[in-house]
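Residue numbers (the working numbering): 26 to 197.
Hint data in this document are derived by calculation from the structure and do not stem from the laboratory. All the pointers check out, no bait thrown in.
Simulated pairs of lysine-lysine, DSSO-like, Cα-Cα distance not exceeding 30 angstroms:
| # | residue 1 | residue 2 |
| --- | --- | --- |
| 1 | LYS161 | LYS185 |
| 2 | LYS76 | LYS128 |
| 3 | LYS34 | LYS170 |
| 4 | LYS189 | LYS129 |
| 5 | LYS164 | LYS34 |
| 6 | LYS185 | LYS129 |
| 7 | LYS129 | LYS67 |
| 8 | LYS128 | LYS185 |
| 9 | LYS113 | LYS76 |
| 10 | LYS185 | LYS170 |
| 11 | LYS76 | LYS188 |
| 12 | LYS164 | LYS67 |
| 13 | LYS196 | LYS185 |
| 14 | LYS34 | LYS188 |
| 15 | LYS129 | LYS113 |
| 16 | LYS189 | LYS76 |
| 17 | LYS129 | LYS34 |
| 18 | LYS113 | LYS67 |
| 19 | LYS161 | LYS67 |
| 20 | LYS189 | LYS160 |
| 21 | LYS189 | LYS67 |
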Amino acid sequence: MENYRNIMKNINTFIFDVDGVLTNCTLNLFPDGNMVRQMFAKDGFAIELAKDRGYNLCIITRGADLMVFRRLRDFNIQYIYQGIDNKKKYLDEYCNILNITRKKILYMGDDIPDIEIMQSVALPCSPIDAVPEVKKVSKYISPKKGGRGCVRDVIEQTLKIQKKLVIIIKKK
26 MENYRNIMKN
36 INTFIFDVDG
46 VLTNCTLNLF
56 PDGNMVRQMF
66 AKDGFAIELA
76 KDRGYNLCII
86 TRGADLMVFR
96 RLRDFNIQYI
106 YQGIDNKKKY
116 LDEYCNILNI
126 TRKKILYMGD
136 DIPDIEIMQS
146 VALPCSPIDA
156 VPEVKKVSKY
166 ISPKKGGRGC
176 VRDVIEQTLK
186 IQKKLVIIIK
196 KK
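Construct all of the structure, not just a fragment, from the sequences and the given hints.
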């Protein structure tokens, strides 16, 4: 198996699932019937960083939630596919729209519906708390949990490998 770091050298597109990747799978249920998902602000910072560095970003998720959509729109993610059962179909559509190859795509998922799409991209990744079946098809398993830094982990690693993450700390 090719080393994931070698694959990261060529990544120009990040695609993420939502529940279990951008969120920790916790659903807070309220008496009025509303649900709230939790997202990790540090993952959000990494998404903004990737956008600023010119990477393509896309969300393909089975869930459909207006608040999640609004949060992701805050990051100027143009392609957000929600309520999707056949994720591979929307991967194909996304690749056609942007005229990009799967050989440059990193996808991060955590559960069985992600397996098919993971098997069709260059770098399938998962958080440490993904289901065992997903871990088996992952070329990289983040040491971070879903909704607790796994997105930041893969973005920062990719940017570092491609020398697009330079942090300057000025001493006083």
